[in-house]
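Protein chains: 2
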Amino acid sequence: MTERFENMENEIISMLEQKQYAALREILSQMNPADIAEIFSELEQRQIPLLFRLLPKETAAEAFAEMESEAQEVLIRGFSDNELKELLDELYADDAADLAEEMPANVVKRILRQATPEMRSAINQILRYPEYSAGSIMTTEYVSLRPQMTVGESILRIRRQGVDKETIYTCYVTQGRKLLGLVTVKDLLLCGDDETLVEDVMLTNLICVNTHTDQEEVARMFSKYNFLALPVVDMENRMVGIVTFDDAMDVMEEETTEDMELMGGMLPSEKTYLRSSAWELFKNRIPWLLLLMISATFTGMIITSFEGALAAQAALTAFIPMLMGTGGNSGSQSSVTVIRALSLGELDLDDLPRVIWKEIRTAVLCGVALAVVCFVKIWLIDRLLLGNTQITLLVDAVVCLALAVTVLVAKLVGAILPIGAKLLKLDPAVMASPFITSIVDALSLLVYFLFARLLLGV
Amino acid sequence: MTERFENMENEIISMLEQKQYAALREILSQMNPADIAEIFSELEQRQIPLLFRLLPKETAAEAFAEMESEAQEVLIRGFSDNELKELLDELYADDAADLAEEMPANVVKRILRQATPEMRSAINQILRYPEYSAGSIMTTEYVSLRPQMTVGESILRIRRQGVDKETIYTCYVTQGRKLLGLVTVKDLLLCGDDETLVEDVMLTNLICVNTHTDQEEVARMFSKYNFLALPVVDMENRMVGIVTFDDAMDVMEEETTEDMELMGGMLPSEKTYLRSSAWELFKNRIPWLLLLMISATFTGMIITSFEGALAAQAALTAFIPMLMGTGGNSGSQSSVTVIRALSLGELDLDDLPRVIWKEIRTAVLCGVALAVVCFVKIWLIDRLLLGNTQITLLVDAVVCLALAVTVLVAKLVGAILPIGAKLLKLDPAVMASPFITSIVDALSLLVYFLFARLLLGV
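If you read the sequences in order, they're chains G and V.
At position 72 of the first sequence (counting the first as 1) the number is 128 in this note's numbering, and the numbers step up by one without a gap.
At position 371 of the second sequence (counting the first as 1) the number is 427 in this note's numbering, and the numbers step up by one without a gap.
A portion of the hints provided could be inaccurate.
Since the list gives no way to pick one copy over another, a pair counts as held whenever it fits inside one copy or between any two copies.
[Said to hold, decoys possible] Here are the simulated DSS-like cross-link-like pairs (lysine-lysine), alpha carbons at most 25 Å apart as the crow flies:
1. K242 - K113
2. K165 - K113
3. K327 - K280
4. K141 - K481
Rather than coming from a laboratory, the hints here were simulated on the basis of the structure.
Take these sequences, add in the hints, and give me the full structure.
Put into C-alpha cells, the structure is as follows:
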C-alpha cells in the first residue's frame, strides 16, 4: 500500500519535470486530497505552484487544507489577490483559521483582506479563543434549524444551504442563538411524515462543550459518545460553532504524541520527526537530559559517602546497576499505567487510595518474586558458575532484600507522582520514566546501603 | 463535568435502592447510552437486570453495546429467550459479533440460536476473520445502491431501509456484489436534479481495505482521510462490509494504550487499570522485570572484571549511576520518537539511513553539550564545593568523554532497534526504554572503563 503510493509519488514528480501536464491533470483528478497534500511536501519550492495549478478547483482547496504550513506559505506568496480570494471561498472557516494561526503576520493581513466579511469574522472569532480550546478547533459553519420548521422544510433548507457547511448530518435547532436541540439527517430522512415539526423530533438531552473546554477533553467525549459533531456554546449558553469528528481525531493523535514525547523526557514538538532538524531535536531533548544529569549528583554523593562500605565489601558494587535498573523499570511500569489511565479519563483524583492499595499489592507480588529469583540466580550464576567468592549468603540477602524494598518504593513513587502532578494541574505525562528513574535511583541506593550497614555491619 | 456525572451516578444508584422506579425511568430516558453503560459497571450483580428493565427499548440496546462484558454476561444469563431475541434485533451486527467473541461458549450458543438467520450469518461472517483485522471490526449492515438508480430513487431507498443500517451517510454502489463507487447522502441531497443517475454522481476513485488489513492500518487511514466509513472488500474484490469512524477511534485508543504498555515494559492488557486485579497486574509486569533483572548479570560481570580499576580510582564508582542514567534517557528519547513516528506511518523502513544520520547529528550536539556542562559541574560542585579530592582533572575528563560517547551509542541503539523490530515484523514498541536501557547500561560501562584504562592507566 505505502510502497505503491511512494511509486505514484515519484511518478508524479517525474511527470511534472517532463511537463506532461495533461496526463498529470487526469491522474490528480482521480486522487484523494490527503494523498495529494503529501506529494506537495516532497516538491521543491518552484514546483509547488506548478502542481497546484493542475488540481481541479475543489480538490485544490481540500488538498491545501491538508498541506504542511511551509507549502501553504509558498503557495499564498505566489497567489494573485484573486487566486487567494477563490481559495478562501472554498476553505472551511476552521481550516482558514488554522492557516491564519500559522502564517507570518504580513500573510495573515493579506488573507483577512481577501476573505469575505463573513469568513473574516469567522476567522477572527476562532482566533480569539485560547490555543488548545474547543473554540480554537471549532468551525462556525453548521446547519441551524428553527423549532417551528417542518421536517420537509428542514430537508429543503439543508439541500439549499448545505454546500458550504462542514457537516450537514447533524443539524442544530436554535432560537435567538440559544441551542434547543439537535436533529440528524438520518432522523429527518427516516421520519415518515414531512409535516412533523422539528421540535417534535429533535433530541433535547444535549451534550455540548464550552468554547474554553480543553481540546483533550473534547476528543475524549468524541471517543466516548461516538458523535459526528459536538456543539460549542459560549458562556451565555449561545451556540457559536461545532467541532467535527475529524478534528477530534487529529487532536487525539496530537495529544497522544505529546504524552509520549513527555514520557520519553522530551519537550513536545508539533513537527514530524523527519521534518525536524537535528538542531530542533537537540533543543527538545537537551533540557531534560541536563536536568537529569545534574540531579544524578545526589546518587554520586550517596555512593561517595558509602565508599568505606563498598571498599570493605567489593562485591556490593557489581549489583548497583541491577538494583537501579529494576527499580527504574518497576517505577516506569506503574507511572505509564497511571498516566494512560488518567489521560483516558479512567482514573480520577479521588481514586488515589485505591491506586496506592493496588500498587502496594502488585509491588509485594513483584518484589517477592524478583527477590526469590534473584537470590537463587546470584548464588547459582555469580557465586557457583562465575566463582565470585566475595559473594556470601549475607551479601546475597542484602541485595535481594534491597531489591524487594526498591520495587515497592519504585511502584509507589511511579503511581503517586503522576496523580500528584494532576493535582497541581501539571501534565501527568511529565512524571514518567526519566523523572521517576532519577528519584528511584537515589532511593534504591539508600535502601541498599542501609541493608548493607544493618546486615553486614559495613 | 466528571464530578457532576459522578454525583448523578450515585443518585441513580441510591434511587434504585429506594425503588423509585418511575422517577428513575424519567431520568434514564434523558441520558446518553454511553453514560448509562458507565453506571452499570458500578452496580452490584443483582441490581444490573433491575436497572436494565427501566431503560427505553432503543436506549437499552445502545447502552448494552457500550457495557463491559461482565455486565453483559450477567444480563444475558438473566434474559428469557424472548428478551434476548429482542435485544439482538436492536443490536448492530458488529456489536453482536463483539459480544459473541467475549461471551463463554454456552452463552454464544444461546445468542446464535435466538438471532435471526441474517444476523446469525453476519455474526458468523465477522467471527471468521482473524482478530485485529478489518473483517473483525466491520459491520455488514450498509446501504447499497445500484448504478442505474436515480438520485430520487436512492433517497427513497435510504428512507425505507436506513433504519437498520449503522450509517446511512455513505452509500455504496455495487453490481453483482462488486464495489463500483460511493455516494454520500450530502451529494444526493445537494444534487439539484432527482432524475440524475447514481453512476453519474458517484465517486469512483475509491479507497478501500481488505478483510485481512490490520486494524491499526485501518485506523491510520481514517485519521489521514477523515472518512465516516471505509468499505471492506474480500480477496475477489467483492464488497463485504464497512468499518465506521467510531470503531476506528476505539482502535486508535486501544493501539495507543498497547504501545504505551509495551513501551513501559508490560504485557498489553485489554482491561482497564481499576478493573485489573493486583494478580493480573503482576502477571503483566513480572516477565519483563525478570528478564531485565537477569540480563543485568552482564553489567555486574563488567563491574566485577574492572574491580581493580575501581579500587585504584575510587572516585570512578560515584559516576556510574549518572553515566548509565543519562545513557538510558538519551536512548529512550530516540526510541520513543522513532516508535511514535513508525506507528503514525511517518517513517518507513527505507528511511533508516536518514534516521541514523539525523540521530548522529543530534547525538553529537547533545553529547558535546552534556560533556561540557558535566565537566564544569564535576569540577565546581563535586571537587570544589563538596571537596572530593580524589577527583582529578583526568578523572573528570574520563567521565565526560565516556558520557559523550555513551550518548552517541545510546541514541543510535534507541533509533535503530525499533526499526529493526519492524523489519523482523515485531511490534517496534517492544524496543522501548526498559529494553534499550539494559543494553545501553552495559555499553556505557564498557566505554567508561575503556576510557579509564586509556587515560588513567588503571
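So, going through the hints one by one against the coordinates:
1. K242 - K113: between (30 Å within a copy, 19 Å between copies)
2. K165 - K113: within (24 Å within a copy, 55 Å between copies)
3. K327 - K280: Answer is between: at 16 Å across copies they meet the 25 Å cutoff, but 28 Å inside does not.
4. K141 - K481: Intra 43 Å, inter 49 Å, cutoff 25 Å: neither.
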